[in-house]
Amino acid sequence: MVFLKRNLPLLICFVGGLFFALTFYSPTKFSSYSRDMGSNAFNIISAIGTFFGILYVIVYNVDRVRKGDKGFGFSLILIVALFVTFVSALFSHGEYLTLEGQLSGIGWIFMYMYVPLQATMFSLLGFFIASAAYRAFRIKNYLSLILFLTATIVILGRIPFVNDLYKLVAGQHAIPLSEYVSWILQNPSMIAQRAIQIGITLGMVVVSIKTILGIDKSWLGKE
Amino acid sequence: MTRRFIFLLVAIVMILPMYFQFSIGKVHASPSTKGYYNAIEKIPEGSTVLVSFDFDPGSKPEIEPTARATIWHLLRRNVKIVCMSLWETAPVLAVEILGSVTKQFEKQTGKKIEYGKDWCYLGFRPGKYSVIVGLGESIYTQYRTDFYGKKTDELPIMKDIKSLKDFPLLIDFGAGNPGPETWIQMATDKFKIDFICATTAVVEPTYQQYISTGQLKGMVGAMRGAGEYEQLVGINDKGTAGVNAISLGQLLIVVLIILGNILKK
Amino acid sequence: MTALFLLCLLQNDFHVIDYPDDDGTKVIAVWNVNEIPCQYEVRIFNGQGESIGKVSFSSTNKEYLASAVKLPFWVFDKNSNKYAVALKVPNQGKYKVELTKNNKLVATADGEAVENFFDSKKLNNLIVVLGFLVLIIYFAWIAKRKELFIRKLAGLDALEEAIGRATEMGKPVVYQLGMMEIGEDPLASISLVASFGILGEVAHKVASYETPLLVPHRSPLNMVICQEITKEAYTRAGKPHLYKESSNFFVSPDQFAYVSKMEGIYMREKPATCIYMGYFFAESLVLAETAASVGAIQIAGTDALHQLPFFFAACDYTLIGEELYAAGAYLSREYSLLSSIKIHDYFRILVTAAILVATISISIIAVSDPQAAVNAKMLDVFKPF
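Residue numbers (our numbering), protein chains in the order written: chain A, 1 to 223; chain B, 1001 to 1265; chain C, 2001 to 2385.
Next up, chain A with everything else stripped away, as it sits in the complex (with noise of 0.2 Å):
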């Protein structure tokens, strides 16, 4: 049991992590097909762990609904729009648009029930943004001062009746504010970005390598 649970895993860990990155270093085609064996492979996986996933759904709600647990009428709505769209799935053979081009049924339920269900939910970040500066920005200390004065011109210098302002005041010769924007952030901002980029990136292949020689196992759970 402990070979299958955690010696096999670490073992195919080894091999394969191996295996694909002296792919890497060889541009023999058997490699470049070595790859796309493993990327179908994944893909593979990934479908048939999503099929689960939707059977672990379905089997989750209608038990709730079975047992009439609290808020059992989500559950039911959900099991029905799964239905409907499967069915809708199914009798549109797949395919969004009928062969004259209209929407079908699943092409239906998606332009006017998915796009308008999900851009709703995205653009709750808007009110969330709102909320979040007036909850946890504060100014208190002179780094905090500066990081809002940079906000304020990024913002400000974006907005147009402010850059009309700005020229009255400064000039119509002076720089525009659009520029100090995007000095603002293609240099301090990319500096800081870059640097914690590099951090990243160098961390990505410590955590590799450790996994690969499999001196980090904390992905298999402890013993």
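Be aware that one or more of the hints could be misleading.
Unchecked claim - Per label pair, the in silico range of CB-to-CB distance:
id, chain 1, residue 1, chain 2, residue 2, range
1, A, Ala21, C, Lys2239, 36 to 42 Å
2, B, Glu1106, C, Thr2025, 33 to 39 Å
3, A, Val2, C, Phe2385, 39 to 45 Å
4, A, Lys70, C, Pro2240, 51 to 57 Å
5, A, Leu22, C, Met2169, 47 to 53 Å
6, C, Val2128, A, Lys140, 52 to 58 Å
7, A, Lys70, C, His2241, 44 to 50 Å
Note that these hints are calculated values from the structure, not bench results. Being a predicted model, the structure only gives us computed values, none of them experimental. Glycine is no exception: its CB is placed at the ideal position from the N, C-alpha and C atoms.
The hints should help you fit chains B and C onto chain A, whose structure is shown.
Same frame as chain A, now just chains B and C:
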């Protein structure tokens, strides 16, 4: 309570400019938006560009205005457009945008735009990175047929196209991963293709690094960028209307930060 | 006299070599640069004498100079006094190449395309990786013998307190692994592997305190892995009877369907502690702000650069980029894992030093000759091929 009041304020500030369509000043294009516009202006007439629709319904409001204006701009410049998607949620959105813009263009200019000759949509292929790598070798191994099931190599627009290298410009309407970064890593650097993108406000600052290195010739960032780009193209659509709402929204955020510091000290 | 003139025209130095480090689908034709402007055409023929490709260009076109070939200096002699034209061939084998100058045949040469086993273009990359490997093994060995100093990470030190608070309040701890599926994206999967390690430690602490744990998933594959990790953590804490299979649950592979479900859970369950470790997208702020509105302590760690500002604004503690990879080791205090943090730090120093040296040297060269700086061989060492 304060939170709900803030939400209400945001809603008012965003809805009013869109509903009453008032303007709060002339939109000034940022250097990255100008770069995007110039990259399209630079392509010789009659050439063919590749456009990838890599977004989902959630990011549609931010990217769609630029996508529409770009297709319009390309058609006006007499450039042929080959479209594709790396996101499974994109095809319906792409077909809707391409269909309506081409029809509108025909109506306004009286010029006939033919599918397969002036534009085509190849559809979605799963595989992300491997699709891009495959396109670098040959378009036809990845897309034997287009979105409508027609043989890709029989489309007149594909006559001189074999692989990614045959496109002078690649445009990505990308909301995340796979998106602009993926194209840069896997294709545009390798094959030396000019590359521009339209993206969401969340990832826009991250992609600025590619502007400074020249890996991105230009970028339109979200609704604001769309408004700037529409002004450059000379059309007045969703982007322009959105700029005013977003500008006021951002002004509100600055006010909220100040208020937060005064009231919650 | 005519014969002598023709001899002058002949390109005796014309030769064809295998394209280095490829899969046997290219050869390169090389010959000396001609000072007199002319039009070149290079044609390639297979063993049966059939033409399989040609390249035409003007002698003034710098794209066909050997110096413009995209190969590092240790693989190919990038001599700016030579032309180098790469020609595609269908597969390995012998090919005949003809060179015409102003439509007159001036040289022919035979060449062979060979499939190379080792890609020596990537030698720079291999050396760095081997360097990593040696250091990792060395520090793992050192860490066994003496304790390594690791600086404090406030976010992780607060974990104990955050879980303790959840216990006192009798509310659950929510642990989220981000939006990626294992293997979905090679790079983003790394943060997921790191997150698995942190989950093991969090689950161990949660089990010790007998606090409820919720681990929602957008990927069934992640869920299966995390079920095993959580189960083992509970067993390790001596509380296997408290483990619930349902503490790991699948929500939806769709980003915003997942978010809406999580918002519902936040509002109904009002968790005391929310932990976000992994690669997140736009949902980060929506999740974090909703959790803040129900009064949860929040600890986040992500290597998604574009989401860091949102987590900074909305969470109590945020691990920046690579701190996420160090978190598992930091919490477990295992010597073999702690050593990797040290290695990471040393590599950072080495990379910074390399960037500094290269930037200063190139800048010095650029002051006197900007073109020389662009063509400097040293730059090849830093480039990916």
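Taking the beta carbons of Lys70 of chain A and His2241 of chain C, is their distance inside 44 to 50 Å?
The hint (44 to 50 Å, Cβ to Cβ) is violated, given that Lys70 of chain A and His2241 of chain C are roughly 25 Å apart.
Check the following: the C-beta atoms of Lys70 of chain A and Pro2240 of chain C are separated by a distance inside 51 to 57 Å.
violated, 28 Å
CB of Val2 of chain A to CB of Phe2385 of chain C, is that within 39 to 45 Å?
For Phe2385 of chain C against Val2 of chain A, whose Cβ atoms are near 43 Å apart, the range 39 to 45 Å holds.
Status of the given 47 to 53 Å range, CB of Met2169 of chain C versus CB of Leu22 of chain A:
Given about 52 Å between the Cβ atoms, the range holds.
Cβ distance range 52 to 58 Å for Val2128 of chain C and Lys140 of chain A, holds or violated
violated, 41 Å
CB-CB spacing for Thr2025 of chain C and Glu1106 of chain B relative to the 33 to 39 Å hint
Hint violated: Cβ distance 44 Å, outside 33 to 39 Å.
Indicate whether the distance between the beta carbons of Ala21 of chain A and Lys2239 of chain C respects the range 36 to 42 Å.
holds, 39 Å
Of the hints listed earlier, those the structure fails to meet are numbers 2, 4, 6, 7, in rising order.
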